[in-house]
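This is what each chain is made of:
There are 2 protein chains.
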Amino acid sequence: MKIYKKAILPRGFSAAAVAAGIKRSQKLDLALFYSGLPAKAAVQFTKNKVQAAPIKINRRYLKQNKEYRAIIVNSGNANCFTGESGLRDAEQTTRVLAKVMGIKKESVLIASTGIIGRRLPLLKIKKAIPLLVKGLSRGGIDKAKIAIRTTDTITKEITAKINIGNRIVTICGVAKGAGMIAPNLATMLCFILTDARITQPALNKALKIAVDNSFNCITVDGCMSTNDTVIALANGASHSNLIETHKHFPLFVQALKIVCLELAKMIIQDAEGATKFIRIKVGQARNFAEAKRVALSIANSNLFKTAAYGENPNFGRVIAAIGSSGIETKEKNLKIKLSPLHKKDINVSVSMKNGKASAVVYTADLTPEYIKINAAYN
Amino acid sequence: MKIYKKAILPRGFSAAAVAAGIKRSQKLDLALFYSGLPAKAAVQFTKNKVQAAPIKINRRYLKQNKEYRAIIVNSGNANCFTGESGLRDAEQTTRVLAKVMGIKKESVLIASTGIIGRRLPLLKIKKAIPLLVKGLSRGGIDKAKIAIRTTDTITKEITAKINIGNRIVTICGVAKGAGMIAPNLATMLCFILTDARITQPALNKALKIAVDNSFNCITVDGCMSTNDTVIALANGASHSNLIETHKHFPLFVQALKIVCLELAKMIIQDAEGATKFIRIKVGQARNFAEAKRVALSIANSNLFKTAAYGENPNFGRVIAAIGSSGIETKEKNLKIKLSPLHKKDINVSVSMKNGKASAVVYTADLTPEYIKINAAYN
Chain R
4 MKIYKKAILP RGFSAAAVAA GIKRSQKLDL ALFYSGLPAK AAVQFTKNKV
54 QAAPIKINRR YLKQNKEYRA IIVNSGNANC FTGESGLRDA EQTTRVLAKV
104 MGIKKESVLI ASTGIIGRRL PLLKIKKAIP LLVKGLSRGG IDKAKIAIRT
154 TDTITKEITA KINIGNRIVT ICGVAKGAGM IAPNLATMLC FILTDARITQ
204 PALNKALKIA VDNSFNCITV DGCMSTNDTV IALANGASHS NLIETHKHFP
254 LFVQALKIVC LELAKMIIQD AEGATKFIRI KVGQARNFAE AKRVALSIAN
304 SNLFKTAAYG ENPNFGRVIA AIGSSGIETK EKNLKIKLSP LHKKDINVSV
354 SMKNGKASAV VYTADLTPEY IKINAAYN
Chain Z
4 MKIYKKAILP RGFSAAAVAA GIKRSQKLDL ALFYSGLPAK AAVQFTKNKV
54 QAAPIKINRR YLKQNKEYRA IIVNSGNANC FTGESGLRDA EQTTRVLAKV
104 MGIKKESVLI ASTGIIGRRL PLLKIKKAIP LLVKGLSRGG IDKAKIAIRT
154 TDTITKEITA KINIGNRIVT ICGVAKGAGM IAPNLATMLC FILTDARITQ
204 PALNKALKIA VDNSFNCITV DGCMSTNDTV IALANGASHS NLIETHKHFP
254 LFVQALKIVC LELAKMIIQD AEGATKFIRI KVGQARNFAE AKRVALSIAN
304 SNLFKTAAYG ENPNFGRVIA AIGSSGIETK EKNLKIKLSP LHKKDINVSV
354 SMKNGKASAV VYTADLTPEY IKINAAYN
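Protein sequences appear in the order of chains R and Z. Just so we're aligned: 104 in the numbering used here is position 101 of the first sequence, and the numbers increase by one with no gaps anywhere. Just so we're aligned: 101 in the numbering used here is position 98 of the second sequence, and the numbers increase by one with no gaps anywhere.
Check the hints yourself; a few may be wrong.
Identical chains share a label here; the pair holds if one copy fits it or two copies do between them.
Stated by the list, open to error - Lysine to aspartate or glutamate pairs mimicking EDC-like chemistry, simulated, CA-CA at most 20 Å apart: (1) Lys-260 with Glu-247; (2) Lys-284 with Asp-215; (3) Lys-335 with Glu-87; (4) Lys-359 with Glu-109.
Keep in mind the hints are simulated off the structure, nothing from the lab. Please read these numbers as outputs of a predicted model, since none were measured by experiment.
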């Protein structure tokens with residue numbers, strides 16, 4: 004397996020981006036990912052009970068259709084809490100794109116990130132779509148990965164290449180998210196493009212495993228966005244052997260996990276206001292879910308996160324957070340280790356003596372800068 | 004009903020406090036509440052799965068015994084995560100007090116607040132107990148209410164007097180807790196002393212109702228302490244009619260609710276670093292639990308709390324927090340109102356259109372001062 008710290012489009016894909024005027028600044032804010040061949044799609048959406056319009060439209064298309072060609076993404080407006088009008092705006096966006104490209108609207112997936120509660124500027128988007136389509140190229144990924152950003156200060160991109168039956172399969176991922184900013188801008192979006200030949204069940208299963216071990220293992224402030232979306236498109240253009248849940252699967256999952264985990268770690272590294280990158284490992288738990296729950300309980304404790312910022316090795320806060328998780332635990336079985344807190348990378352290790360499972364969660368510290376940014380943002 | 008913003012001991016009770024040297028400063032740190040008559044006790048303890056030694060000792064005595072005479076409380080050390088030694092230290096404290104007073108050790112309840120993970124200075128406590136007992140008086144409550152404090156900047160005290168069958172029944176409550184400080188100091192302790200004549204089931208039920216509507220409805224940083232304790236002692240010295248779950252109960256509960264709620268609100272008002280007092284009302288929910296869960300989800304959202312600090316009327320953050328609660332809700336049914344954020348007291352009102360139940364939760368804003376305090380504290 005080879006890993007490249009850069010987005011390299013797999014065969015059959017192109018991308019583009021334009022400044023459509025959705026953001027007040029004249030920055031790139033509308034991106035398109037396109038596959039020349041029909042692709043299978045797997046998705047993971049936010050578990051927030053309030054879900055934005057684009058997520059609802061995707062769910063509808065995923066029921067109606069099996070093959071996808073494009074993902075259209077805007078930044079600057081989340082199209083959330085916008086009611087029936089918001090649904091129509093999202094549907095119209097896919098319809099206009101489909102018409103310009105000569106494809107079915109149900110083969111277009113959609114994602115939005117930005118302010119909650121304001122209507123999408125549909126006219127601007129409609130006007131920008133022909134230009135967007137015209138711009139499609141393999142190099143267009145370098146603009147698209149920027150257009151999906153909001154308050155991100157770094158671009159999140161990575162590519163893995165694996166060998167399946169003597170064919171190179173490429174998995175490219177780009178993401179946005181800066182965690183510590185408001186959830187109406189902190190939406191995590193991730194788009195994974197691969198030329199793998201893979202069955203639908205295998206793609207679904209692989210994405211679920213990869214997301215559970217990456218994006219679902221990071222937390223900045225415990226706030227779930229209404230727009231969080233991960234979409235994977237697989238177009239088969241590598242002409243590799245078919246990947247099935249029982250064939251070539253471990254290698255593909257391993258690569259997809261790395262892609263997702265590296266992107267997730269970049270989001271934590273970009274958490275605004277943060278001065279520490281914190282890795283929390285909980286071991287000897289009854290199962291993965293238990294280990295993760297304990298780790299997240301520590302990661303979401305304001306008191307632990309503030310102690311990390313203050314470089315204050317306060318075991319009491321870790322203990323209280325473990326107890327808060329609701330997991331049954333015996334005090335005398337708990338072992339807690341904290342690496343030196345004056346470094347940027349901090350490791351917290353908890354051993355539960357309940358079983359053999361473990362989980363790793365990543366987070367950042369809670370700083371005065373976080374408050375300043377979020378207090379000021381409108 | 005008459006309410007006094009001051010602790011006035013009911014008949015048959017006395018109190019005392021001394022500086023035993025548990026705190027590094029020479030401040031009051033050991034308090035005693037005493038009833039001349041045997042009293043019934045009701046308790047509510049932390050739901051944190053890691054529980055401090057004094058809570059374990061109380062649970063043991065509550066099984067073994069039905070009548071109580073004293074509560075001994077120390078500040079400066081939580082006696083938590085101290086293993087078998089910690090249990091012995093707590094038990095020894097009750098034993099020594101019982102011996103000096105000539106009562107059963109199982110009639111002594113105990114509470115601690117302070118640093119987690121350090122042994123209680125038992126010798127100092129043993130040495131101080133005779134002086135403590137000597138100091139018992141009705142006026143001693145004015146020292147005891149100070150001795151239970153840690154980082155509190157105000158004393159939390161209140162008294163309610165009600166008339167039951169032409170007898171005055173007094174309910175006096177004192178509490179400590181300053182929320183935004185670390186959980187190893189942020190423990191919430193509350194002691195309620197009443198001369199009510201009341202059955203055990205009525206006392207238990209009344210305390211549960213009062214705590215559910217007060218201390219369980221406040222949150223500063225979502226962190227549960229390992230030591231949180233509410234103890235109510237009822238000694239019957241008012242010689243009032245007997246309060247039972249079906250007789251004189253509503254008036255007693257109403258008074259107890261007011262005592263607990265006012266103390267809980269004082270804790271929020273004392274939250275260090277806070278600049279806002281935030282009241283969140285969720286109405287038209289299916290039931291109280293649903294309403295409270297949604298309200299707590301908002302109250303624990305760092306992003307909402309930072310917006311409150313920044314006086315930034317960000318509806319998106321409230322919506323995202325509601326969605327995060329996990330409660331099923333329809334976007335179009337949600338109604339959200341925010342009072343002007345430039346005032347110190349902020350009201351958030353959410354209407355769910357799911358049913359007829361409601362809940363009110365209190366919290367404070369999240370400020371740079373909170374981070375500074377908690378980053379620096381050792």
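Tested hints:
1. Proximity of Lys-260 to Glu-247 under the C-alpha cut-off of 20 Å is restricted to the intra-copy arrangement: shortest distance 17 Å within a copy versus 61 Å between copies.
2. Only within a single protomer do Lys-284 and Asp-215 lie at most 20 Å apart by alpha-carbon distance; the minimum there is 15 Å, versus 34 Å between protomers.
3. For the homomeric pair Lys-335 and Glu-87, the shortest alpha-carbon distance between copies (9 Å) is at most 20 Å, but the shortest distance inside one copy (55 Å) is not.
4. Neither within a single protomer nor between protomers do Lys-359 and Glu-109 lie at most 20 Å apart by alpha-carbon distance, with minima of 45 Å and 40 Å respectively.
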